[in-house]
Amino acid sequence: MIKHPIEPDAEPAVRLREVRLTYETKEGALLQAVDPTNLTIRAGEFTALVGPSGCGKTSLLRIIAGLTPPSDGVVKIFGQTPKDAQRHKRLGLVFQEPALLAWRSVEDNVRLGLQLNPRETHSSTDVNELIELVGLRGFERYRPAELSGGMQQRAALARALAIDPPLLLLDEPFAALDEITREQMRYELQRLWSISHDPTDPPRSAVFVTHSVAEAVAIADRVLVMSPRPGRIIADIPITAPRPRRPEHEHADRFINDTAIVRAALRSPTTTAVPLDAA
Amino acid sequence: MALPDLRPALSWILPPLIALLLFAVSVELWVRIGEVSIWIMPRPTSVIENFVSDFGVYFREGMQTMAISLGGLALGSAAATILAAGVAHSQILERAVLPIAIMVKVTPVVAFIPLFIIWLGYGWEPKVAIAALITYFPVLINAIAGFRDVDPRMHDFFRSVDASTWEVFRHLRLPAAVPYLFASLKISVTLSLIGAVVAEFFAAGQGGLGALIWFEQNNLRLDRVFAAVLMLTMIGVTLSTAVVLAERLFSWRLDQPVAAS
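Listed in order, the protein sequences are those of chains A and B. Here the working numbering is used: the first residue of the first sequence is 5, the next is one more, and so on. Here the working numbering is used: the first residue of the second sequence is 161, the next is one more, and so on.
Among these hints, one or two may not hold up.
Unchecked claim - Label-pair ranges, simulated between beta-carbon atoms:
{"hint": "1", "chain 1": "B", "residue 1": "Arg330", "chain 2": "A", "residue 2": "Tyr27", "range": "30 to 40 Å"}
{"hint": "2", "chain 1": "A", "residue 1": "Gly32", "chain 2": "B", "residue 2": "Thr393", "range": "58 to 68 Å"}
{"hint": "3", "chain 1": "A", "residue 1": "Arg145", "chain 2": "B", "residue 2": "Val264", "range": "39 to 49 Å"}
{"hint": "4", "chain 1": "B", "residue 1": "Thr393", "chain 2": "A", "residue 2": "Glu136", "range": "50 to 60 Å"}
{"hint": "5", "chain 1": "B", "residue 1": "Trp279", "chain 2": "A", "residue 2": "Asp76", "range": "57 to 67 Å"}
{"hint": "6", "chain 1": "A", "residue 1": "Glu136", "chain 2": "B", "residue 2": "Arg255", "range": "48 to 58 Å"}
Hints are computed from structural coordinates only; laboratory data are not their basis. All figures in this text were calculated on a predicted structure; none of them were measured in a lab. Beta carbons are placed, not taken as given, at the ideal position from N, Cα and C, and that holds for glycine.
With the sequences and hints as input, model every part of the structure.
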């Protein structure tokens, strides 16, 4: 069992330096998808990334995940390249679609991350315990097609958590769910993010892409607001509400104030609302 | 004790059965009333009579034809699946192989039978080779499509834990291709039977239903020709049903869209 301890002297979970993404369109024109971006996400921080559709927030997440190489700039995940972070299974990915393997049971889907690249499987995750944690007990042998959308997304969350990643990357994970389920899921996510984690690693971080302001404010420590294309982080808003957050907090003045600040930043995309942290 | 309700099953089985029976009866009447010569058209009743009395012969020759057909199917689809795995991973291989594969496909491969007999002799080898050549194309095209029909998000998850190319193939591409492979097997299984019979025409005297049909046609025993064809029909039904049943056993992803031929 190879264990790759993360140096405790506070390597940030994510560090982006002058990261830029340019596409070439079919007509040969260059399209700036992500403007030069500097960003530091500390270990243990839950960061939400909000912005209008097509602003490049998914592109930014994919750059952090090492799935899309940036055109320019440096990406470090706990001081490593994204490729090394993948190799050491430090990334837990959840997408908008559950993207489960249709021919596998829930249990075998959750196990997938442990089964692949097995030399790096050092986590002692109890798959059954994890299935219980996400509320799918009794459905271990079901196939994805037999589950509701919300249950499929719970299975996808369990799959991401099975490798016990110190960094969770979530791309609008609840966008395809109905309103009631998605309000419930954000608190489930908060709970899962904070528990069942290897104590020798730094506290788990998360980058959560969403276009729901309420969702971002309800769950995050920090909300990053992106401008329409070319995507640029135009505001960095700390959310200081105490944890654990509960659904009833969404009626508190503090929550209403925070959402108002985020909404204001979204409406005025040309102003740099709050200075960005120097990376 | 209540008997199971057979009506739904009967409503499927009865109409084609009655239609077939009506057809046989009209042929029988036509042949009898019109006094059609048995050198032109045998009576359906005498075909059945001959089929039953000489069943051992038809069965034996039929088993030989079926073995050739299955051998060709196994060889052709295995080669096509392996080639498709390569093509799905390499664009250069795709560009090199696909035009040749299509060229062989548009050529009526039965034209190669005389050559294959010269090269491979009068045994089972040229027949299996023809059956294989005739079956490989649907499997190749469908397998390539199947290996590539992978949800990009699933592929992203595999990449995010640094899965190897082999792991992606074994746990993602191969299972994704299973419905495609079965769809192509349904086409190829009947094609392989055609290949086997036509090859047997050329290698007459070496057994098999094709050779039997050839021989009985020369003797103007049309009742025996029809009886042999009846055996071929039964083999065709058996093989196609076997593929469908095998697919049911692999009941995964049956709710997913399956590629057309």
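Hint by hint, here is what the structure shows:
1. Take Arg330 (chain B) and Tyr27 (chain A): their Cβ atoms lie about 33 Å apart, and the range 30 to 40 Å holds.
2. Between Gly32 (chain A) and Thr393 (chain B) the C-beta distance comes to about 59 Å, which sits within the given range of 58 to 68 Å.
3. The hint said 39 to 49 Å for the Cβ distance between Arg145 (chain A) and Val264 (chain B), and at roughly 45 Å that hint holds.
4. Roughly 56 Å separates the CB atoms of Thr393 (chain B) and Glu136 (chain A), a value that falls within the hinted 50 to 60 Å.
5. For the hinted restraint 57 to 67 Å between Trp279 (chain B) and Asp76 (chain A), the CB-CB distance of approximately 60 Å keeps it satisfied.
6. A beta carbon spacing of about 51 Å between Glu136 (chain A) and Arg255 (chain B) agrees with the range 48 to 58 Å that was offered as a hint.
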